[in-house]
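Produce the entire structure from the sequences given, and follow the hints as far as they go.
There are 2 protein chains.
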Amino acid sequence: MEPQTASPHTETPESRLNAWLAESPRFTLAAAESCTGGEIAHRITSVAGSSAYFLGSIVAYANDAKAALLSVPQEVLERPGAVSEPCARAMAEGARRAFGADMAVSTTGIAGPGGGTPRKPVGLVYIALADPSDTVCEEHHFPGDRASVVAAAAEAALALLATRVEAALSRDGQSLDAGLSVLHPVES
Amino acid sequence: MEPQTASPHTETPESRLNAWLAESPRFTLAAAESCTGGEIAHRITSVAGSSAYFLGSIVAYANDAKAALLSVPQEVLERPGAVSEPCARAMAEGARRAFGADMAVSTTGIAGPGGGTPRKPVGLVYIALADPSDTVCEEHHFPGDRASVVAAAAEAALALLATRVEAALSRDGQSLDAGLSVLHPVES
Chain A
916 MEPQTASPHT ETPESRLNAW LAESPRFTLA AAESCTGGEI AHRITSVAGS
966 SAYFLGSIVA YANDAKAALL SVPQEVLERP GAVSEPCARA MAEGARRAFG
1016 ADMAVSTTGI AGPGGGTPRK PVGLVYIALA DPSDTVCEEH HFPGDRASVV
1066 AAAAEAALAL LATRVEAALS RDGQSLDAGL SVLHPVES
Chain B
916 MEPQTASPHT ETPESRLNAW LAESPRFTLA AAESCTGGEI AHRITSVAGS
966 SAYFLGSIVA YANDAKAALL SVPQEVLERP GAVSEPCARA MAEGARRAFG
1016 ADMAVSTTGI AGPGGGTPRK PVGLVYIALA DPSDTVCEEH HFPGDRASVV
1066 AAAAEAALAL LATRVEAALS RDGQSLDAGL SVLHPVES
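In order, the protein sequences belong to chains A and B.
916 is the number of the first residue of the first sequence in the working numbering; add one for each residue after it.
916 is the number of the first residue of the second sequence in the working numbering; add one for each residue after it.
Please keep in mind that the hints were generated in silico from the structure rather than gathered at the bench.
Values in this document were obtained by computation on a predicted structure and should not be read as measured data.
There's no promise every hint is true.
[Claimed, not checked] Heads up, incomplete: computed chain B residues facing chain A, CB under 7 Å, no partners named:
| id | residue |
| --- | --- |
| 1 | G953 |
| 2 | E954 |
| 3 | A956 |
| 4 | Y976 |
| 5 | R1061 |
[Stated by the list, open to error] Here are a few chain B residues that sit away from chain A, every Cβ distance over 10 Å (derived from the structure):
| id | residue |
| --- | --- |
| 6 | E1000 |
| 7 | G1031 |
| 8 | A1067 |
[Said to hold, decoys possible] In silico SDA-like links for lysine to any residue, alpha-carbon gap of 25 Å or less:
| id | chain 1 | residue 1 | chain 2 | residue 2 |
| --- | --- | --- | --- | --- |
| 9 | A | K1035 | B | E938 |
| 10 | B | K1035 | A | A963 |
| 11 | A | K1035 | B | S961 |
| 12 | A | K1035 | B | V962 |
| 13 | B | K1035 | A | K1035 |
| 14 | B | K1035 | B | S1063 |
| 15 | A | K1035 | B | A967 |
Positions of the beta carbon are idealized from the N, C-alpha and C atoms, including for glycine.
Structural data, given as C-alpha cells:
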C-alpha cells in the first residue's frame, strides 16, 4: 500500500508551510525580495491553498523601491548598502508592516554574474525573518551561477520561514494535524 | 559555423526585453501580480542585466494588499471583483505609480484548482498594461492545471510587455541595436 504522505526527504518548505497553515491559517505570511526576484512568492503560491495564509511579496529590485515600499532607511542603502544585514532586516520588517502580516521573510544579495566586489562577492545573500517578537538574519555564501544563487537563496529563505512557523505553532501547543508527522523536527 | 544569436523561435519575451533595454534603459518596467504570484518578476530578473530597467513587482495575493499597495478601489474589489478587467487595469496603473515606472503589467485570474465559478472559471486571467498614454487589457482563458495556467499567464503578460516596448521604441525611431534583427516583427 502506498503511503498517504510524502517522505520527509521530498517535502519542500512550501509544502510544509501549506500543511501547517492552509486549513487553519493562524499566521499570515509575506515576503520582500531583492535577489530572489519573486521566486519565493512563486514557490509559495505554486501550492494550492496558499491564498489562505500568504498575503504577497514586494519584489523591490531597485533601491528606490526598497525605500519607498519597504521603508528601508536611506542611510542603510548608502552605507552599509542594499546587500547588508541591516537592509535585510529592514526589508523583512517593512514587508510585515506593508502587508499587515504576522511573519515576513526577505532576501538581498548578489546573484551575479556582475556586481560582485572583494568585500561583497557574487553569492553573498542576507536572509532575514521578522515576526512580532523578533527579527533574525542569516548570512549565506552560495556557489554557482545566477540561477543557482537565486534558487539556493529562495530555498534557504523558505526553509527559514517553514522552520519558524513550525516552531511557533509547536510552542503554542497546537495539535499536530494529519500529515505533520513527516515534517522535520523543530529545533528549539 | 554556429549563428551568433538565437533564432526568433527560441527568444523568450524576457530576453527580448533585455535586448532592447539593458544597455540603453529608455523605459523602466514594473509589475503587479496576483495569479502569477511572482513568476513575471522571477522570469525578468532571471536575465542578467535586468536591474538596469526592472524596478520590481508587487505580488498582491490578498485583496487587502491590492487595495493598500496598488490603490485598487474597494468598490472594484467588491464588484466586479478581483478577477476582472477593472481590477487588472487598476493594478497595472497602481504598479506604475508605486514604482514610478514607465510601464507596468498586471495579472489577476483564477489559477485553480479551486475558486472557479460558472461566470469566472478556472483559467480566466485578465492581463493589463499601463504606460504613460494608455492602459490596455486582455482577457484570456488558459487550459490545464494550476501550474499550466500560471505559466501561460506569465508568458502572455511578458509577451504583451515585450511587444509594447518594441513598438514604443520603434515608433521613437530608435536605431536597432545588434541582435535585434532576430526579434519578432512589431505589429503597428
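The hints, checked one at a time:
Look at B:G953: its Cβ gets to within about 3 Å of chain A, closer than 7 Å, so that hint holds up. With 7 Å as the threshold, the beta carbon of B:E954 comes within range of chain A, its nearest partner Cβ sitting at about 5 Å, so the hint holds. Hint status for B:A956 relative to chain A: holds, with the closest Cβ pair at about 3 Å, below 7 Å. For B:Y976, the interface hint holds, the least distance from its beta-carbon to any beta-carbon of chain A being 4 Å, beneath 7 Å.
Proximity of B:R1061 to chain A holds as hinted, the smallest CB-CB distance being about 6 Å (cut-off 7 Å). Annotated as non-interface, B:E1000 keeps its C-beta farther than 10 Å from every C-beta of chain A; the closest such distance is 21 Å. Here B:G1031 stays apart from chain A, with its beta-carbon at least about 12 Å from theirs, past the 10 Å limit. Once the 10 Å rule is applied to beta carbons, B:A1067 is consistent with being away from chain A; the minimum gap is 14 Å.
The suggested pairing of A:K1035 with B:E938 holds, with an alpha-carbon distance near 24 Å, which does not exceed 25 Å. Note on B:K1035 and A:A963: the hinted pairing holds, with a Cα-Cα distance of about 18 Å set against a maximum of 25 Å. Pair hint A:K1035 plus B:S961 holds up; C-alpha atoms about 20 Å apart against a cutoff of 25 Å. The hinted pair formed by A:K1035 and B:V962 meets the criterion: a straight-line CA distance of about 21 Å does not exceed 25 Å.
Pair hint B:K1035 plus A:K1035 does not hold up; C-alpha atoms about 48 Å apart against a cutoff of 25 Å. Our distance criterion of 25 Å between C-alpha atoms is met by B:K1035 and B:S1063, whose separation comes to about 17 Å. Note on A:K1035 and B:A967: the hinted pairing holds, with a Cα-Cα distance of about 19 Å set against a maximum of 25 Å.
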